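K.L.:
Protein chains in written order, with the numbering used here: chain R, 2 to 307; chain L, 2 to 307; chain E, 2 to 307; chain D, 2 to 307.
I should point out that these hints are in silico values taken from the structure, not numbers from a laboratory. None of the values given here were measured: they were computed from a predicted structure. Idealized CB from N, CA, C, for every residue including glycine.
Not everything, but these chain L residues come out facing chain D in the computed CB check (under 10 Å):
1. Arg87
2. Thr90
3. Arg113
4. Gln150
5. Ser226
6. Leu227
7. Glu260
8. Glu261
9. Ala271
10. Thr272
11. Leu274
12. Arg296
13. Glu297
14. Glu300
15. Val304
16. Leu305
Sample of chain R residues facing chain L (criterion: CB under 8 Å; computed from the structure):
17. Gln18
18. Asn19
19. Arg23
20. Thr26
21. Glu31
22. Phe35
23. Asp50
24. Met52
25. Ala61
26. Pro91
27. Val119
28. Asn120
29. Trp212
30. Lys215
If you anchor each label on the Cβ, the simulated ranges turn out as follows:
31. Asp42/L with Ala250/E: 49 to 55 Å
32. Arg16/E with Glu77/D: 25 to 31 Å
33. His86/L with Ala166/D: 33 to 39 Å
34. Leu165/E with Arg169/L: 23 to 29 Å
35. Ala275/E with His88/R: 20 to 26 Å
36. Ala275/E with Glu75/R: 20 to 26 Å
37. Ala282/R with Ala15/E: 50 to 56 Å
38. Ala20/D with Val286/E: 54 to 60 Å
39. Arg125/D with Arg257/E: 23 to 29 Å
40. His88/R with Glu300/D: 46 to 52 Å
There are 4 protein chains.
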Amino acid sequence: MNLTEFDQAEIAAARDQNAPTRRATVPALEALLFTPVPVLDHGFVRVIDYMGDDAAVVQAARVSYGRGTRKVSEDEGLIRYLMRHRHSTPFEMCEIKFHVKLPIFVARQWIRHRTANVNEYSARYSVMDREFYIPAPEHLAAQSASNRQGRGDVLEGDEAAAVLALLREDADRNYSHYEYMLNEAEADPDRRGLARELARMNLTLNAYTQWYWKTDLHNLFHFLSLRADSHAQYEIRVYADAMLAMTRAWVPASCRAFEEYRLGAVSFSATMLAILRRMLAGEAVDQASSGLSKREWGEMMSVLHR
Amino acid sequence: MNLTEFDQAEIAAARDQNAPTRRATVPALEALLFTPVPVLDHGFVRVIDYMGDDAAVVQAARVSYGRGTRKVSEDEGLIRYLMRHRHSTPFEMCEIKFHVKLPIFVARQWIRHRTANVNEYSARYSVMDREFYIPAPEHLAAQSASNRQGRGDVLEGDEAAAVLALLREDADRNYSHYEYMLNEAEADPDRRGLARELARMNLTLNAYTQWYWKTDLHNLFHFLSLRADSHAQYEIRVYADAMLAMTRAWVPASCRAFEEYRLGAVSFSATMLAILRRMLAGEAVDQASSGLSKREWGEMMSVLHR
Amino acid sequence: MNLTEFDQAEIAAARDQNAPTRRATVPALEALLFTPVPVLDHGFVRVIDYMGDDAAVVQAARVSYGRGTRKVSEDEGLIRYLMRHRHSTPFEMCEIKFHVKLPIFVARQWIRHRTANVNEYSARYSVMDREFYIPAPEHLAAQSASNRQGRGDVLEGDEAAAVLALLREDADRNYSHYEYMLNEAEADPDRRGLARELARMNLTLNAYTQWYWKTDLHNLFHFLSLRADSHAQYEIRVYADAMLAMTRAWVPASCRAFEEYRLGAVSFSATMLAILRRMLAGEAVDQASSGLSKREWGEMMSVLHR
Amino acid sequence: MNLTEFDQAEIAAARDQNAPTRRATVPALEALLFTPVPVLDHGFVRVIDYMGDDAAVVQAARVSYGRGTRKVSEDEGLIRYLMRHRHSTPFEMCEIKFHVKLPIFVARQWIRHRTANVNEYSARYSVMDREFYIPAPEHLAAQSASNRQGRGDVLEGDEAAAVLALLREDADRNYSHYEYMLNEAEADPDRRGLARELARMNLTLNAYTQWYWKTDLHNLFHFLSLRADSHAQYEIRVYADAMLAMTRAWVPASCRAFEEYRLGAVSFSATMLAILRRMLAGEAVDQASSGLSKREWGEMMSVLHR
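Next comes chain R alone, as it looks inside the complex (with noise of 0.2 Å):
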């Protein structure tokens, strides 16, 4: 992650605003506030505002139960109740804003994401920067033979480095024609420049782009637990986990909640279900009695056994 010297002013000035509020403040992530955690080569994610706390979830439960229950000590109990039993509006009433920065091809994986609010630095209108992901060696894996979209093993060697050349001439090369063809920057007076919402084309989707990103918790939450898990490709597990952290940093009761009652859940079907009553009755159970498929007796024993 390269910050310009513009860039850091900006987020050295960011962190010494410092104002009073009567809203809900939490000092773990006002300590991290505006500051960039760097993600890949290039990219970087940076929470840049927030709303709402632990307390805030609590609240709005609350307005369901009316004065009685009021009790300190049982918030966190609350919120594990909200969370095992998918009662998710009243985390929704908490809000993050992140900056992120981040390759093109993730961002088309990410978007996917329909409840947020999103501001996309605009190719239509602005110039690229020079800036592309190329993935370090240890992450240049291999087509999965069992698994379409699973990665192998590493590359290597010879194979490894000729990747990484293409990678890198392609996407440079690339972006010099896309300059050439804007004809902006030391333009040539005889070229008119190619319009810059035509030229972006020739630019390669690891290509950085950025945005601004804003969502509830109970979105975040749903997000973290696809893409922080590990069938997500790893380029965007890598944002997943940062987050992942900055959430902890948060609202660290919901964010334990999620853990145990989602990120760390498993469910078992209808017919796994029948199948653990078996086994914990003392029945030897297996695949061929089981009325599983070879495919789902794997995924459950891995999962029983591991």
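Given the coordinates of chain R, assemble chains L, E and D onto it according to the supplied hints.
P.N.:
Then chains L, E and D, alone, in the frame of chain R:
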């Protein structure tokens, strides 16, 4: 609006909170925070949290433009540009949370705005209060003869008195029976008491409920454009009017743009635009030669010659 | 459920329509189309339109895979895979529209599902019918002592009779006063009549309303998972049950997968999963050594030993 | 647009389907069903399913009015009334599903419309085709000097030739390297092949992708009002134009109302409205006395004197 001593103490305590924050703060809105503004006979609306300010709208818009365009003096012009051209996403970067007490029939209209987060007082879990909306005499309107969703003149004399007496007696009697069926306060030990989730069905639609309602600035403007409008039912419009005043304190430049380009604006159809051009060219146009129906012609004339 | 002759003629006419289409059709759902299924004492639900079928789910999923994987024999397996791994977007490719008549207090729960399209009968424009929900004696439940949102035993004898009489008389009286205030039928020429949008506030929450409700299959499943569940209030669960039966006729393979992996599934938290592993390894675990609260331990045991 | 024999056979088979249905059908849209309409050099758009028609809009609106108002002759008037007064929910009762093939940079604009259901071809699972968008010479526009998101004159001569050559060569070379890195076709046994989810990052933003895109009529109109507009980028506008033509075949009355009250309409701000009134009263108003900025005055005059 009756606030119990408990409520008053809680509001005072919330207003006494004062913590430093690095986030954007709006002193004019901080001054209003938590204080309920009375609406109708027992209702209120109050702001209990917010995120962002006019500068957050500008900041989001400028992600698209890159650094070169940042001039503070142009902020209001940019906000007006965004509003005029319906670039709505930067306004989604601000968020506000209200606590509202309102009659159930108003809540039923309000909830149709789907892009918001809501936690409502639950009559399944809790016992409702004995509070109903009874219109002030000057709002006791007759059915409009010309407009099926509109109101005509105000009822007077015996008819008004009879209506008010019925509304009051029916709401009150039904509430008493609700309490009786619940059998909770001063309970009769020989009765079990009806489930709350069932007993509530005896309440009238003017009973008061309350909720937290959280939305972003773009969707708030959409709500206000429909509900702070003369076509909206009076009983929801008074809430929208109170919220519009709060919005002016929060994001004054955005709100000015909203009043100029949305609330105070008029849309002319393709046919109306052709008529306007003929008129401005000096032609005398009447309904017969306009191509408009009598109704639309009337609407157009009333806008132009108000 | 009382259908007027007019209603019956209209339903018969709709069912008599028969046009050729190139779209996917589902004969089992066509057979049900337009026919109302009675729910509660005066309510109903009926399907009035639909788009797509099980094959549309498969088709959308296969956009991701390219041509090579198209084998009809694998369709149900693919649908089960999608449901198991919460790949929800292919289920959004099917759409269904219901016409529902339901008590207002049920409508108020239902409308909280925001991802749907709704057109409701408007008591601002139109006069409501004299129809109220009165529970059947076997559903006249007492408040549960242990669970504030639950129901206990059924009321009996004098108490039941008193409750039913109150519900009936109050709804009926309030409706009569509503009609009187409107002054529309057999109007008294000396009275103006109260505006409909005001008079309606005198109605009780068990008055029936009706709406068209349209949603996609993914969001329908979400609705059914919450409302066809034993924790849902009986009065909304009966609608969900009727809709689940219709969904089985419409998309049988998707519905089987939904019942296996969602409706009939159970989620175990991280802590519960650790307990399960200990149990399956032969260890005797009790609540004290489990790390669970008594409440959660009870929930877990009731699932495992049902 | 190149369709393989396989594609052509599949489309023909789909068009040969013919089943009876009780649902609303629209013969004019049935005639278009499944047939791709070419857009840009390799793209297309086609309707693959729909629900509802103009009568479904009317039916939903009339739920609000009760029976008395049903007169077939008034249907178009009612639709125009709904559109004029932005009563949008009845238009949500119709649904349509498109299959679209489009360049990735167009897809990135399009996906910002969040109220739609989408299933996109996955470059994580599947290998992309060697197809890129190369503008026709007459669309190879220079950057506008006056409007940063706009296009100026068309490039000519050597500059045009150079740009086209670069776009073609870069897209092609990057695709060849993508194939090489994948090592799937005519695979070199000594290389493992890079994971698809990584190799795709070498592709350019003019590569074609495809998706199913499903939305309701209200949100389709919103999409068309922004994308069939002269301010939209040409490369997305051509898709919107093709979809507008299909929408006319599907719901002709609704579409006429949309073109009259939305596409062809103009909004005048509060200040502009005051100016209009002065002008119509015979007053000579110029920019200096108008209260408008030069830019807004210019916009207003260009609308009035076009």
